[in-house]
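Work out the full structure: start from the sequences and follow the hints.
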Amino acid sequence: MEEVVLNTGDTAWMLISTGLVTLMIPGLALFYGGMVRVKSLLNMMMMSFGALALVFVIWIAVGFSLVFGNSVGDRGIIGNATQFLFLEGLDNSTALIGTIPAAVFIAFQGLFAAITVALISGSIADRAKFGAWMIFAGAWATLVYFPVAHWVFAFDDFVAKTGGWIANDLGAIDFAGGTAVHINAGAAGLALALILGKRVGFGRVPMRPHSLPLVMLGAALLWVGWFGFNAGSAVASNGTAGLALLNTIAATTAAVLAWLLVEKIRDGHATSLGAASGVVAGLVAITPACAAVNASGALVIGAIAGMLCALSVGLKFKFGYDDSLDVVAVHLVGGIVGTVLIGFVGEEVGLFYGGGTDQLVSQIIGAAAVLAYSFVATLIIGKTIDLIFGFRITHDEELEGIDIAVHAERAYEIFDNNQGSAFSSSKGGQL
Amino acid sequence: MKLITAIIKPFKLDEVKDALQAAGITGMTVSEASGFGRQMGHTEVYRGTEYEVNLLPKIRLEILVDEPNVESALALIVKAANTGSIGDGKVWTTPVDQVVRVRTGERGAAAI
Chain A
26 MEEVVLNTGD TAWMLISTGL VTLMIPGLAL FYGGMVRVKS LLNMMMMSFG ALALVFVIWI
86 AVGFSLVFGN SVGDRGIIGN ATQFLFLEGL DNSTALIGTI PAAVFIAFQG LFAAITVALI
146 SGSIADRAKF GAWMIFAGAW ATLVYFPVAH WVFAFDDFVA KTGGWIANDL GAIDFAGGTA
206 VHINAGAAGL ALALILGKRV GFGRVPMRPH SLPLVMLGAA LLWVGWFGFN AGSAVASNGT
266 AGLALLNTIA ATTAAVLAWL LVEKIRDGHA TSLGAASGVV AGLVAITPAC AAVNASGALV
326 IGAIAGMLCA LSVGLKFKFG YDDSLDVVAV HLVGGIVGTV LIGFVGEEVG LFYGGGTDQL
386 VSQIIGAAAV LAYSFVATLI IGKTIDLIFG FRITHDEELE GIDIAVHAER AYEIFDNNQG
446 SAFSSSKGGQ L
Chain B
3 MKLITAIIKP FKLDEVKDAL QAAGITGMTV SEASGFGRQM GHTEVYRGTE YEVNLLPKIR
63 LEILVDEPNV ESALALIVKA ANTGSIGDGK VWTTPVDQVV RVRTGERGAA AI
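Protein chains in written order, with my numbering: chain A, 26 to 456; chain B, 3 to 114.
The set of hints was computed from the structure by calculation and includes no laboratory data.
Any given hint could turn out to be false.
[Stated by the list, open to error] List of simulated lysine-lysine pairs, DSS-like, C-alpha gap at most 30 Å:
#  : chain 1 : residue 1 : chain 2 : residue 2
1  : B       : Lys11     : A       : Lys64
2  : B       : Lys4      : B       : Lys14
3  : B       : Lys81     : A       : Lys289
4  : A       : Lys408    : A       : Lys64
5  : B       : Lys60     : B       : Lys81
6  : B       : Lys14     : B       : Lys92
7  : A       : Lys186    : A       : Lys408
8  : B       : Lys4      : B       : Lys19
9  : B       : Lys60     : A       : Lys289
10 : B       : Lys60     : B       : Lys92
11 : A       : Lys64     : B       : Lys60
12 : A       : Lys343    : A       : Lys223
[Unchecked claim] Part of the chain B face toward chain A, derived, beta carbon under 8 Å:
#  : residue
13 : Gly37
14 : Arg40
15 : Glu46
16 : Val47
[Unchecked claim] Listed next, with one range per pair, are the computed distances between beta-carbon atoms:
#  : chain 1 : residue 1 : chain 2 : residue 2 : range
17 : B       : Ala25     : A       : Glu434    : 44 to 50 Å
18 : B       : Ala25     : A       : Gly345    : 56 to 62 Å
19 : B       : Asn56     : A       : Ile389    : 43 to 49 Å
Each residue gets a CB set at the ideal place from its N, CA and C atoms; glycine is no exception.
Here it is in structure tokens:
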């Protein structure tokens, strides 16, 4: 075995990528936050920030081991939880994973766990107790994300000797998380929306986005952050990273056009919310495929994702589930489109590139396995939390607004004429 | 003295204000309001979902006017705020018992 040495180019790119992925958390918070009514903005943003804080702490304790530890019994289901307990042996300045410091790889991958959990929050806008959400975030990361990430991201002989079944036995291609991140979060979003039930007035009261500029800013930040997410998944500063970056732009631009075209034909107007949604749909769909296709393939994936996601946003009204911000239509549908289309347009392996149907079948099995596991496990976790703690705020709290009810804060103070007394019941520090 | 209250389309505010100022009527209070009359609302579309929005943004003007100027002020407002299409708004007057200027304590017409 050749001696592994640190590559400074790889390390520099992965340090930057980690910073970029961190930017996706406020990006998502703004993307979601702009879409809710003004009375729920802070809670929407807090669900993303809360998920980041809690999940990364669990990641350090056991998460990294569950994903990248040796597969228990070599079955490819879950990593050895105690192998790197509190990052034992890795949280120093000399340990390497691949050609980069272990510390950087751990930070980068930990943020994937956090953003995946945060994505789910879009399906339960306006109505979830913050404490219940936090318990859910920790439980879901541990029981759903970590196992699934082990299946998909833990390659044999990379961090540990044995890895997950989708990566090594099935051989489904998922470069940056079409299954582990997006199908996973999308299926969980659907399950959680079913557990919590519809918002008061769903389908009857207008629930308009309170700030489309915030939505567009959030989508733009997600786009920039996604370069770290996708091109960083090369874990190297090389041609694969470059191709992933190009394809990430190509698919996203095609998806924006496709989404707007659907809107223009169906609704008569191309909207800014449609453009922002197209951005995210394209980013989601190219995530698994960004290193497996050429630019034309990326355009095809982006265009199909933009179209199908735009057509899927009406399903919640048809079937009566309140997936408030369309986590299902964007992440589940987009994730499936990207993962399955690799079987058609993947270079060398895809059906259209003479690769036969083997890869296509693997892609479908991988997508279906993650979807089924995530959906069922989330139903169980969500229902358990609901039975023990109650997942929803009260009817009146919801009508008044979750920001005031749960966080005792208001997003905007436009008119500064209602100040009250700063000291009247302050439990914290003096002004 | 009369209080003129005018509900007009927001983009007509400047024209109304300029017309009144040119005629020597120099004070007014402007607030943002929302409401509907015969125009009802309009349709907005978000991710393919259509919402009937029937409270539309309007501007509410409140102007105190001395009796001799009431008719001309009404005419100026109606002329400046008119677009000829539905939703242009309404203007009405109400009698005012007393007006006091806060700074000087002047009362009645002198306070306008």
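Structure-based check of all given hints:
{"no.": "1", "hint": "Lys11/B to Lys64/A", "result": "holds (27 Å)"}
{"no.": "2", "hint": "Lys4/B to Lys14/B", "result": "holds (22 Å)"}
{"no.": "3", "hint": "Lys81/B to Lys289/A", "result": "violated (38 Å)"}
{"no.": "4", "hint": "Lys408/A to Lys64/A", "result": "holds (26 Å)"}
{"no.": "5", "hint": "Lys60/B to Lys81/B", "result": "holds (17 Å)"}
{"no.": "6", "hint": "Lys14/B to Lys92/B", "result": "holds (13 Å)"}
{"no.": "7", "hint": "Lys186/A to Lys408/A", "result": "violated (36 Å)"}
{"no.": "8", "hint": "Lys4/B to Lys19/B", "result": "holds (18 Å)"}
{"no.": "9", "hint": "Lys60/B to Lys289/A", "result": "holds (29 Å)"}
{"no.": "10", "hint": "Lys60/B to Lys92/B", "result": "holds (11 Å)"}
{"no.": "11", "hint": "Lys64/A to Lys60/B", "result": "holds (23 Å)"}
{"no.": "12", "hint": "Lys343/A to Lys223/A", "result": "holds (13 Å)"}
{"no.": "13", "hint": "Gly37", "result": "violated (16 Å)"}
{"no.": "14", "hint": "Arg40", "result": "violated (21 Å)"}
{"no.": "15", "hint": "Glu46", "result": "holds (7 Å)"}
{"no.": "16", "hint": "Val47", "result": "holds (5 Å)"}
{"no.": "17", "hint": "Ala25/B to Glu434/A: 44 to 50 Å", "result": "holds (48 Å)"}
{"no.": "18", "hint": "Ala25/B to Gly345/A: 56 to 62 Å", "result": "holds (59 Å)"}
{"no.": "19", "hint": "Asn56/B to Ile389/A: 43 to 49 Å", "result": "holds (47 Å)"}
In this structure, the hints that do not hold are numbers 3, 7, 13, 14, in rising order.
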